[in-house]
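Peer 1: So the chains spell out like this:
Protein chains: 2
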Amino acid sequence: MIFSAQASDPESKARTGHLDLPHGSVETPVFMPVGTNATVKAITNEQLEDLGIRLVLGNTYHLFLRPGLEVLERCGGLHSFMSWEHNILTDSGGFQIFSLAPFRKIEEEGVMFRSHLDGTSLRLTPEEVVDFQRVLGSDVLMPLDLCTPPGIGEQEALDAVELTTRWAGRSRSRWLQSEQNSGGYLFGIIQGNFFSHLRRRSAEQLLELDLSGYAIGGLSVGESFPVFQEYLSLSAELIPEHYPRYLMGVGTPEYILEAVEQGIDMFDCVFPTRTARNAQAFTRRGPLSLKTEAVKLDLEPIDPECSCTTCRRYSRAYLRHLFKTKEILAAMLTTQHNLAFLQSLLVSIRRSIREGCFRSFKESYLRGYREHRENQNELNGER
Amino acid sequence: MIFSAQASDPESKARTGHLDLPHGSVETPVFMPVGTNATVKAITNEQLEDLGIRLVLGNTYHLFLRPGLEVLERCGGLHSFMSWEHNILTDSGGFQIFSLAPFRKIEEEGVMFRSHLDGTSLRLTPEEVVDFQRVLGSDVLMPLDLCTPPGIGEQEALDAVELTTRWAGRSRSRWLQSEQNSGGYLFGIIQGNFFSHLRRRSAEQLLELDLSGYAIGGLSVGESFPVFQEYLSLSAELIPEHYPRYLMGVGTPEYILEAVEQGIDMFDCVFPTRTARNAQAFTRRGPLSLKTEAVKLDLEPIDPECSCTTCRRYSRAYLRHLFKTKEILAAMLTTQHNLAFLQSLLVSIRRSIREGCFRSFKESYLRGYREHRENQNELNGER
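Those sequence lines, one after another, are chains Z and R. All letters in the first sequence, in the order written, are residues 5 to 387 by this note's numbering. All letters in the second sequence, in the order written, are residues 5 to 387 by this note's numbering.
Source of the hints: derived by calculation from the structure; they are not laboratory data. Keep in mind that this is a model prediction, so the values were computed, not measured. You can take every hint at face value.
Heads up, the list lumps identical chains together, so a pair's fine if it works in one copy or across two of them.
25 Å max Cα-Cα, derived DMTMM-like pairs, lysine to aspartate or glutamate:
| no. | residue 1 | residue 2 |
| --- | --- | --- |
| 1 | 17 | 31 |
| 2 | 45 | 258 |
| 3 | 109 | 160 |
| 4 | 300 | 122 |
| 5 | 330 | 304 |
| 6 | 328 | 77 |
Let the hints inform the model, and build the full structure from the sequences given.
Peer 2: Pasting the structure below:
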């Protein structure tokens with residue numbers, strides 16, 4: 005078992021613990037920044053380390069295309085290539101094949117697709133995805149899965165669940181055969197679209213494989229917050245407590261707090277880093293746009309309550325100027341802040357769970373977070 | 005006098021010293037990174053400080069357009085705005101008006117031009133340039149000048165020299181009237197195109213104004229290296245040794261070494277930062293392109309002899325991948341290296357002058373620097 009629970013909140017399913025991974029122990033609940041192309045965009049490894057980040061996500065699809073197998077193999081795997089001595093979770097590539105590739109065809113054997121970069125025809129089977137992640141030296145491997153969009157029919161969702169299960173079985177066999185020095189644990193991904201009995205079916209089938217942890221896929225894909233809550237709760241409950249629970253694609257304070265309350269231990273999202281590059285910053289009082297006229301002469305830091313290296317030194321007025329002039333430093337400083345902000349939120353969450361007051365922490369946090377936002381309707385659309 | 009000489013090389017005009025400026029003392033010879041829009045591109049102030057950089061350049065033209073007078077005034081000047089507590093030299097804006105503005109008209113009173121951003125008609129007089137630099141709180145102010153392109157006739161070059169002198173006189177009057185808490189010293193800019201008697205005339209006229217230092221303008225504008233050497237030598241000799249001598253637009257090892265040998269104390273150039281963003285890195289063995297196939301599997305750092313934070317951690321193969329995937333980190337890491345490389349060169353230059361062996365240092369350095377380049381003809385074009 006790679007997961008050890010520590011404290012549990014008496015009033016909810018929130019819990020702290022740690023993941024024992026090949027490149028060190030990781031405290032949970034944990035937010036994993038996304039390092040698509042072997043770099044978390046616009047921030048150095050040194051800065052990530054200074055923020056206490058010990059687990060980042062890499063995108064199998066992107067790394068498969070660039071730099072590709074040969075370079076990663078010759079450079080000694082992803083840790084060595086990107087000079088990151090802490091943990092790396094790599095996704096399965098499935099989500100990117102569906103969202104980025106201009107063409108794809110699903111077969112029992114695997115998925116055929118064209119690269120979004122140059123149109124090259126490529127194929128990935130569950131076995132090849134495991135093999136590639138072994139070359140990467142991933143600490144956590146995700147098996148090739150089929151993530152379906154909301155709104156499809158039940159039969160299509162059922163077929164996707166069944167195929168995801170068969171692929172998970174093949175992934176597990178390959179993973180067991182390919183045990184290497186680096187270790188690395190294989191998770192399962194629960195699908196089932198927005199059909200509760202299919203979610204249950206997916207979980208039951210995957211649990212039979214006794215994988216190292218379980219992820220919840222196919223949520224946070226555009227559904228309303230109440231629907232998200234319902235399917236999150238339902239899916240999280242299906243994962244026994246001795247497994248780490250990973251909710252894919254979540255990275256805002258509101259979604260993170262909800263996920264933690266439902267017993268989730270791990271989450272990842274491009275949101276904090278992508279929106280940083282688009283001048284959207286987290287604050288204790290809700291999101292703040294750094295491009296608006298409103299901050300033109302604002303000498304406050306992004307968040308006066310934040311003690312990150314950006315907030316200790318730079319003003320909103322200066323950041324606005326950097327965004328207006330399209331300076332790289334704008335993305336650098338705002339990315340640093342957004343990740344520091346989430347790290348600090350996670351520290352507070354873990355502390356509140358240990359102190360048995362997660363629920364009141366959550367309520368008070370969201371009160372402050374939403375209060376301001378209600379006055380900033382123009383920022384409401386994005387998440 | 006803001007300049008104090010310390011050591012002199014017995015075999016050349018090379019010298020060390022320091023500049024006493026309002027925001028601290030600066031060792032010379034010094035390379036000043038260019039911070040066009042109130043940021044040295046792709047690097048934080050913390051990193052600049054860690055590199056020992058205590059003097060950066062700001063572009064009056066760019067800052068005048070964005071964020072503009074109101075913001076800079078309300079934010080307490082440029083140091084406060086960009087959170088840089090060390091020294092700032094601001095150029096006159098003249099060079100940018102001539103290289104960037106889609107339209108400009110020179111009159112006795114000043115220069116009319118259109119913004120390259122939105123076409124707005126603007127005017128800058130020598131007095132307004134000084135006033136704006138006072139708002140910026142510049143430690144070294146450069147007066148509005150007329151920099152002419154190579155190949156013009158003698159009369160045109162003479163007229164430009166005379167106008168530059170009259171503008172320098174008006175700048176000096178305004179500067180004397182506007183003495184503020186921040187201090188800030190006004191330099192003169194020697195012009196004269198490629199006519200030796202006009203260079204002499206320009207220097208003589210400007211020296212009568214007894215400004216705080218003298219810059220050499222209009223060199224390194226595309227002329228051959230021997231022509232550059234000739235006019236550099238001639239111009240540098242015209243500046244008495246109790247003044248700091250500033251050569252504008254120079255920032256490669258070969259040009260810096262040449263300038264130091266001719267008694268230059270200060271230089272600036274966008275080259276190290278701009279080429280870094282275009283995947284060109286300095287090494288002890290000449291420039292290295294980080295985009296070539298040749299470094300695809302190269303696990304060496306940019307420069308094995310360099311101890312900067314980039315070279316301590318990242319390989320050429322990884323940097324190539326970052327450039328190929330257009331990652332911001334590529335610009336960040338290479339900018340850091342190129343500036344660290346020049347800082348380290350300047351430390352070695354100052355040491356060799358103090359130890360009385362600048363000439364042999366220069367020769368041995370250039371031997372290593374050029375040896376490799378002769379095998380890399382494809383890189384020869386750029387400087």
